[in-house]
Amino acid sequence: MNEIFIFTEIVNCGKIGKIALDSFHKYHNQKVHVYGTKSDFEKITTHHNNILIGVDNEIIDGYRNNGHVGTALLWEKVIRECKEKYIIHFDSDTIFRENIIDEIIEKSKEYDIIGPIRNYHHNPQGIKEIMHLTDLCQTNCILFNKEKISKHYLGEKNNEIPINKILNLSLKSVLKLVKYNIRKILGRIHMSVFAQMIHGSYPLFKYKTIDFFDQVMFDMVDNGAKIYHLDFNDVGGCDKYGKRNNLFEEINNFPTPYKIDFGRKLAHFSCVGSGMNFYNNKESTKNISPTYVECALDRYALFCKTFYNEELTDINLDKYEKIFSIKNWY
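Per our numbering, residue 22 is the first one in the sequence shown, and the count goes up by one each step.
In short, the hints are calculated from the structure, not lab data. These numbers were taken from a predicted model, which means no experiment stands behind them. Idealized CB from N, CA, C, for every residue including glycine. Some hints here could point you the wrong way.
With a straight-line Cα cutoff of 30 angstroms, these simulated DSS-like cross-link-like pairs (lysine-lysine) come out [as the list claims (entries may be wrong)]:
(1) 247 x 261
(2) 98 x 128
(3) 172 x 98
Label pairs and their computed distance ranges (CB to CB) [as the list claims (entries may be wrong)]:
(4) 260 x 332: 48 to 54 angstroms
(5) 58 x 168: 28 to 34 angstroms
(6) 304 x 48: 24 to 30 angstroms
(7) 261 x 350: 33 to 39 angstroms
(8) 346 x 176: 49 to 55 angstroms
(9) 127 x 78: 35 to 41 angstroms
(10) 270 x 69: 20 to 26 angstroms
(11) 243 x 276: 38 to 44 angstroms
Input sequences plus hints: build the corresponding full structure.
Given below as structure tokens:
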């Protein structure tokens, strides 16, 4: 199928993306568009299927000031500019253990969003007000049909909210809008409505959402998108009931608060890039949840020890001995 655009982003984390790309190329023979900086590209293994694309200063500033804003701006650029119908994305801290991309492409003949499950019915956070919503997909390894995104979001980079929407707002939505505009005035937000939806922070979206890209996926579902969830024995994470006890339960449901998604064909650490940024730039942790900072640093330390045999100071990893015993990651 020629209408497939595969990409990953390794901005300021080429050290991490190297592992993702090495493992991808071991099992697949597809071109990958790799977004990063010159410094990032120097850290990855040269490969004929890598298409290296430098990012502009706006995106770099987005990563520097708020990592997920940078990611949203990059995704917006990719979705707006690529000519292909189907887009496949994988995170820089995803590890391919077998070929899974061919299966995803085959499923795209029938489905519009394909990836590991992101639970809403049985969400691990226990948020009751979203349990009636459809289960979406994690974005660590996902295919989506961009033609299912509402056309008006893919038009001009409009950052204004239509006046007719403002006039019909509830008090709660008005307060959200006021808070949003205060942040905008203070210079913390420079995103179009579509980028906000990718980021998951568009203040007037009709549903409460869990994570990155969920607002866009719900828009796609409203437009008839069909979802396929990959087998959690293959990709790790949760099953449809939010349980993590797959064939690799000892790793996939490791008895610590911070988990690794571990399956036959895929493993995913999550927030390793953020952890690398926090570790190297202590100032970047300002205004970030201490819980998230702790999780990200833990994941980065675990990643460094696992793939580079590097030990970071002040982060104890003794509890992960069973994970370090894994010999064949990819």
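A quick look at each hint next to the structure:
Distance hint between residue 247 and residue 261 is fulfilled; the C-alpha atoms sit about 16 angstroms from each other, no more than 30 angstroms. Our distance criterion of 30 angstroms between C-alpha atoms is met by residue 98 and residue 128, whose separation comes to about 25 angstroms. Taken as a hint, the residue 172 and residue 98 pair is honoured in the structure, with Cα atoms around 15 angstroms apart against an allowance of 30 angstroms. Distance hint check: the CB atoms of residue 260 and residue 332 are about 34 angstroms apart, inconsistent with the given range 48 to 54 angstroms.
With their beta carbons about 31 angstroms apart, residue 58 and residue 168 fall inside the hinted range of 28 to 34 angstroms. At roughly 39 angstroms, the beta carbons of residue 304 and residue 48 sit outside the given window of 24 to 30 angstroms. The beta-carbon spacing between residue 261 and residue 350, approximately 27 angstroms, falls outside the hinted interval of 33 to 39 angstroms. Checked against the hint of 49 to 55 angstroms, the pair residue 346 and residue 176 passes, with Cβ atoms roughly 52 angstroms apart.
Against the hinted window of 35 to 41 angstroms, the Cβ-Cβ separation of residue 127 and residue 78 comes to about 39 angstroms, which satisfies the hint. Roughly 38 angstroms separates the CB atoms of residue 270 and residue 69, a value that falls outside the hinted 20 to 26 angstroms. Our hint of 38 to 44 angstroms for residue 243 and residue 276 holds, since their Cβ atoms are close to 39 angstroms apart.
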